[in-house]
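If you want the building blocks of each chain, they are given just below.
2 protein chains.
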Amino acid sequence: MDALPKLEVCLSPALLHLFDTNGAVVVIIDVFRATSTIVAALHSGAQAVIPVASVEECIQLGRSVPNSITGGERNGAIIPGLQHGNSPLEYPASFIAGKKLVLTTTNGTKLLHMVEGAAEIITGSFLNLSSVCEFLLERKLPVVLGCAAWKDRVNLEDMLFAGAVVQAIGQYFSVDCDSARAARQLYELAKPDLLGFLKDSSHYKRLSAFGLEKDLQYCTTLDLHPLVPILKGRELVVAR
Amino acid sequence: MDALPKLEVCLSPALLHLFDTNGAVVVIIDVFRATSTIVAALHSGAQAVIPVASVEECIQLGRSVPNSITGGERNGAIIPGLQHGNSPLEYPASFIAGKKLVLTTTNGTKLLHMVEGAAEIITGSFLNLSSVCEFLLERKLPVVLGCAAWKDRVNLEDMLFAGAVVQAIGQYFSVDCDSARAARQLYELAKPDLLGFLKDSSHYKRLSAFGLEKDLQYCTTLDLHPLVPILKGRELVVAR
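Going line by line, the protein sequences match chains A and B. Numbering-wise (our numbering), the first sequence opens with residue 1 and increments by one. Numbering-wise (our numbering), the second sequence opens with residue 1 and increments by one.
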């Protein structure tokens, strides 16, 4: 029998150096809300999502990329100079189909740009949990589940998504990683009422204070968008 | 009413820069086994424990500090050049009373030396859980629970101890920290059978492979040594 590939969970970009991403599939996780918005936009027919770190880059790319839309928020409000926010609810097919979304996100993009030597980089959220799991099972490569966290601080929602993946497919991997164990245990606790569990979390409190409860509810819905965003060059496109 | 002091959990030394330790009480947590051994030795009447990072420093201090004993292990065996291991079971009163223990530990000492500007640095383990909690309640200062982790990797046992503190006294602090929330939830899950829960953890597997199950059982026993080791200069002594 072949040895099972390794599956590990990295709880913060500040810990990424401890993990070997060479030849691995790295899953970028930014549940509230970047990786939820990315999969929602692609499922609505966006041609690609281009994640960028800075507002300046977002504005610049919005000018140079044909048929593009710029999106980004800080503290729950659209950033001056950009066209739209980063709520997954803002990108219906009627609006985004066939276009490219240039999206500025802080935590998710930072992590994505830090990853080196990965076989593939994909994005995960509860909205595409099962698709991500199927993708990882098919690849049979080592997996690093990378939580985008919040300014390097460990957060519950990304950890819970990592735990959901470990619970679903951990048995097909070699899991000797306490972060993965902790994440799985927490997900099992939270699973019956994911949104309720997350009400006591830093990010939920922050975003609901901006009136974004609907977004949070949406981002904790399972498998609404059954596809996998994968990084090709600088663009996230549909892998499956 | 005065605002409650903040309580936060830092899951790895590699995340310590995210926390403000100025004026805070920092609790160093290295359950398997440094902070368990430290409190056991002090409870057995050791005059002080001097934690050092390197074997060379340990040997050197062992020579220069009167009435001292050197201790340290790597991979479950006493380090050549030192006199004893770092099992908490190896330091009964008959052996250690009145002496100074120069102890080399990797993860715990590293974290301890990284902390800057703290009001107090103390050490915590399940063996002195309640004493640590009482100490923190009396001080009424911000608290950072610092997990020593394993070569910067988050580990379950240190996280569980942090969770035990949050569960016990979190209500008297302002806790807006997802690591603290995750730790508390995990501790509540693990509490009925702490050792059983930890059997599926990296450190348990590693240490039990060296035949150290007795140590692990000991280190998960609550409140056997009701005192608080506190750092004074380079020495850990009994605070209460």
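Any given hint might turn out to be false.
The list treats identical chains as interchangeable, and a pair is accepted whether it falls inside one copy or across any two copies.
[Said to hold, decoys possible] 25 Å max Cα-Cα, derived DMTMM-like pairs, lysine to aspartate or glutamate:
| no. | residue 1 | residue 2 |
| --- | --- | --- |
| 1 | K205 | D20 |
| 2 | K140 | D193 |
| 3 | K151 | E134 |
| 4 | K205 | E138 |
| 5 | K110 | D152 |
| 6 | K99 | D193 |
| 7 | K99 | E120 |
| 8 | K6 | D152 |
| 9 | K140 | E120 |
| 10 | K232 | E213 |
| 11 | K6 | E138 |
| 12 | K205 | D176 |
| 13 | K199 | D176 |
| 14 | K140 | E57 |
| 15 | K151 | E116 |
| 16 | K214 | E134 |
| 17 | K199 | E188 |
| 18 | K6 | D200 |
| 19 | K99 | E213 |
| 20 | K205 | E188 |
| 21 | K205 | E120 |
| 22 | K110 | D20 |
| 23 | K110 | D193 |
| 24 | K151 | D20 |
| 25 | K151 | E56 |
| 26 | K151 | D200 |
| 27 | K191 | D176 |
These are calculated hints, taken from the structure and not from any lab test. Computed from a predicted structure; not experimentally measured.
These are the hints, each one checked on the structure:
no.: 1; hint: K205 <-> D20; result: between (34 Å within a copy, 21 Å between copies)
no.: 2; hint: K140 <-> D193; result: neither (31 Å within a copy, 35 Å between copies)
no.: 3; hint: K151 <-> E134; result: neither (30 Å within a copy, 32 Å between copies)
no.: 4; hint: K205 <-> E138; result: neither (37 Å within a copy, 29 Å between copies)
no.: 5; hint: K110 <-> D152; result: both (10 Å within a copy, 21 Å between copies)
no.: 6; hint: K99 <-> D193; result: neither (35 Å within a copy, 54 Å between copies)
no.: 7; hint: K99 <-> E120; result: within (24 Å within a copy, 57 Å between copies)
no.: 8; hint: K6 <-> D152; result: both (24 Å within a copy, 19 Å between copies)
no.: 9; hint: K140 <-> E120; result: within (12 Å within a copy, 49 Å between copies)
no.: 10; hint: K232 <-> E213; result: neither (32 Å within a copy, 49 Å between copies)
no.: 11; hint: K6 <-> E138; result: within (14 Å within a copy, 45 Å between copies)
no.: 12; hint: K205 <-> D176; result: between (33 Å within a copy, 9 Å between copies)
no.: 13; hint: K199 <-> D176; result: between (30 Å within a copy, 12 Å between copies)
no.: 14; hint: K140 <-> E57; result: neither (36 Å within a copy, 46 Å between copies)
no.: 15; hint: K151 <-> E116; result: both (20 Å within a copy, 21 Å between copies)
no.: 16; hint: K214 <-> E134; result: neither (28 Å within a copy, 42 Å between copies)
no.: 17; hint: K199 <-> E188; result: both (16 Å within a copy, 18 Å between copies)
no.: 18; hint: K6 <-> D200; result: between (32 Å within a copy, 16 Å between copies)
no.: 19; hint: K99 <-> E213; result: neither (27 Å within a copy, 60 Å between copies)
no.: 20; hint: K205 <-> E188; result: both (22 Å within a copy, 23 Å between copies)
no.: 21; hint: K205 <-> E120; result: neither (33 Å within a copy, 31 Å between copies)
no.: 22; hint: K110 <-> D20; result: both (18 Å within a copy, 23 Å between copies)
no.: 23; hint: K110 <-> D193; result: neither (30 Å within a copy, 39 Å between copies)
no.: 24; hint: K151 <-> D20; result: both (22 Å within a copy, 14 Å between copies)
no.: 25; hint: K151 <-> E56; result: within (20 Å within a copy, 38 Å between copies)
no.: 26; hint: K151 <-> D200; result: within (19 Å within a copy, 30 Å between copies)
no.: 27; hint: K191 <-> D176; result: both (23 Å within a copy, 22 Å between copies)
Violated hints, listed in ascending order, are 2, 3, 4, 6, 10, 14, 16, 19, 21, 23; each of the other numbered hints is respected by the structure.
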